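A.B. asks: Read off the chains here:
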Amino acid sequence: MIYKSINKKLISLFLLLFTLGGQGSLSQEKLVISAIPDQYPQKLNRLYTILADELGEELGTEVEYKPVINYQAAVSAFRAGSLDLVWFGGLTGVQARLQKPGSVVLAQRDIDTKFHSVFITNKNTGIKPINNIEGLSVLKGKRFTFGSESSTSGRLMPQYFLEQAKVEISDFKWGRPGFSGSHDKTIALVSSGSYEVGVLNEQVWKDNLKSGNIDTAKVVVIWKTPAYVDYHWLAQPDLDERFGRHFTQKLQEKIISLNKSKPRQKQILELFGANKFIKAYNYQYKDIETIGRKLGKIR
Amino acid sequence: MKKIFLNTPLIAIIPILAIIPILIQVLHGIHLGGLNILYKFFTSSVHPSIDKLVITNSLDGLKITFSIATLAWSISILIGSFLGCLSSYTIYKIIGIPKLLASLIRRSLMLFRGTHELIWGLLLLQIFGLAPWIAIIALVIPYSSLIARIIADKIDEIEINNILSIQKTGAGKLEIIITSLLPKIIPIIGTYGSYRLECAVRGATLLGIFGLGGIGTELQLSILSLNFSEMWTSLWILFISIFILEKLVQIFQMPRLYINNIGLYSIMSFFLLLICLYTSFISLINLGVNILSPITLHLPEIIKYENILSSVNTLPWIKLISETILITLLASFVATALPPILLMIYPSKLLENAISILWVFCRLFPPPLTSLLLLLCTKPSISVAALALGIQNMGVLGRILLENINKETDIAFDAINTTGCTKHVSWFYGKFTPQVKKYMTYSIYRTDVILRETVVVGVVGGVGLGWQLQESLSSFAWEEVLLITAVFISITLIGERLSEGLQKRLNNSFQQ
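Chains A and B, in that order, give the protein sequences. For the first sequence, position 240 matches number 271 in the numbering used here, and the numbering has no gaps at all. For the second sequence, position 275 matches number 287 in the numbering used here, and the numbering has no gaps at all.
Be aware that a few hints might be false.
[To be verified] Taking CB as the label site, the calculated pair distances span:
#1 A:D238 to B:D72: 52 to 60 Å
#2 B:I423 to A:N155: 41 to 49 Å
#3 A:D271 to B:N48: 47 to 55 Å
#4 A:K285 to B:E318: 40 to 48 Å
#5 B:I287 to A:K310: 25 to 33 Å
#6 B:L299 to A:K159: 52 to 60 Å
#7 A:Y314 to B:I287: 54 to 62 Å
FYI, nobody ran anything at the bench for these hints, they're computed from the structure. Computed from a prediction, not measured in an experiment: that's the story for all the values here. Every residue gets a Cβ at the ideal spot worked out from N, C-alpha and C, and that includes glycine.
So that you can see chain A by itself, here it is in the shape it has in the complex (with noise of 0.2 Å):
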């Protein structure tokens, strides 16, 4: 008797706990958006709960910022469905696509369609700087640092100009790079000479040369790639049938209508270190897709 008595409170808790947790999904659907860090902590914070104000009050909806600070972390969130609205880095958009079919490019900004990486040299090396993509085959043999792993202007298309210039990874020191895991430590490491070159983000770069964070004394750029497209916003295919219809669209129009008349509107596309956002559309990342599986990024 005793124990079919604990045997129902048991199974009454367990309904209970169950209870409790279905409440969240009978809620009002939540749009749930992040991004994949690149910036400081504050920056970052702040620059994501302006955004989510923004979008919540003109959409109608409830928008909530998840900090998600792991690359893969954010991917496979987004294939799980647990993020509704993504900013990806040109690789991790794409890889995120492809585990999640259906998914929709929705803007990036006027700065993304024509983005660059810059290769960077301590000046003790006496490297010159390279005039065409053939003279990057000086930097054999030198100690050398990418950022992180995942990073499209920190990895991706540095490695990709590299073996066009037929400079393999093994080519560097030690038959192997670094991998300093962000923009702000390759300039850090490469300033300080534990690297000899290093390669980064070009708007990285100018950020902190405006911020007088760069010793132009110890550190210089070698060599500028060609363009590339990179970081862009990334829905779920599902957004029109939980927020209602055409309710995509309405994102991205509101995205693009960003403009720097309105004063939290300035302050996020400063944030965001762009004028305006633009439309951008799946096609534009055939190339970064390419070039991920052949440096063995996407399988």
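Chain B: place on chain A using the hints.
C.D. replies: This is chain B only, laid out in the frame that chain A set:
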């Protein structure tokens, strides 16, 4: 010859020899190019950001981290203690069931322990999506199996012959376990468990991949962007809270109560654990973490056999494995040998306190930060990776050593000192020697941890299995992830067998 070698406490500091090749390599690559950044780093420590937003974000992060860490920790203690008893040979001996089952549980637990929590996290995330309790499970899996191993080992260290003789008097098996064994097990869970709480707080950086934020996320992002003043805000807040945590743990260990009333002690410990479980759960709900959010299943594609086969052939296994083992061994030698040597230099209370503050920082600085700081003054090499990992784990081992030494009286030290020996020698033979066996056991556990942590030091150049794992994860090459994880587990298994052998010899030689 070997026996003589094992008989001396020198065994714990002999590994210092490993520092020679490390020093040669590090000194060879030394440069002054990063001094300005190092200067900025250190000056930021006294000028952390006091921006209101930065502080509130860090404090909010701290609440999330502590709540999740405490919840994951209390669940791990419960599961770990249970599994620990299940895999202890002693308990099987008392009950009289073949030991085979214990070995089976013990070995299969290794599967969970040998895999880095990041892998568990990403794997569970891939299948279940973002849900707070998935993050908790990802922490609980490795923690509870780690606790299980240590508890099982500690139970098996208990002298069993006396207990078995009680059995001959006709006492029941269950009674023996409760009356003779349990009083010895509870304090083990108490000491080791409380120490794991700090590990759980530090390890909760994993929350970042689940979008839960937490102070680890703030720390990680500010390190990536080299925003030292914001980083120091998080670090100081974490430092202060870990300091308070340590003091609280000391109070709650209740050594007096244990001696006076072991029954009450056990009940109180258990209740304390339940209170932790309950308050952390409620606090998470108050923080707006939807802990019971419903989940959906998103099974990944089944890995194809031919893909696995082709990965076997494409990855340079021998190079990867040997690099990994080299880093692990060098790092654990540094971590094991440095604490006693540092304490021996000048044994005094003042220096001891200074060193233990240094160790808190060693533990708090994540290896990517330590390796960055090292790389600002030396060229990248395997030694830098080993040193970065070694320094962090030195903080952990040093803490355990000091705690154990301080539990003992100074009688042996004073006795040797009065014979005219120097303070160093008296410290070495009077204080350190009685601890060597225990210390070596912990250092062997630590080697396991270091092996898994080799995942985080890609900055010195794509070295070893750890880096390859990151690369494969970021390419979503699950077949490679599977193989690398299997290799990690195998290395752990072999390491465990070897260390069990070593421990047995240590035990024998100490008994002689």
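A.B. asks: Determine for every hint whether it applies to the structure shown.
C.D. replies: Taking the hints in turn, this is what the structure says about them:
1. A:D238 to B:D72: 52 to 60 Å: violated, 27 Å
2. B:I423 to A:N155: 41 to 49 Å: violated, 59 Å
3. A:D271 to B:N48: 47 to 55 Å: holds, 53 Å
4. A:K285 to B:E318: 40 to 48 Å: holds, 46 Å
5. B:I287 to A:K310: 25 to 33 Å: Distance hint for B:I287, A:K310 is violated at roughly 55 Å.
6. B:L299 to A:K159: 52 to 60 Å: holds, 55 Å
7. A:Y314 to B:I287: 54 to 62 Å: holds, 58 Å
Figure legend: structure checked against the earlier numbered hints; hints not met, in rising order: 1, 2 and 5.
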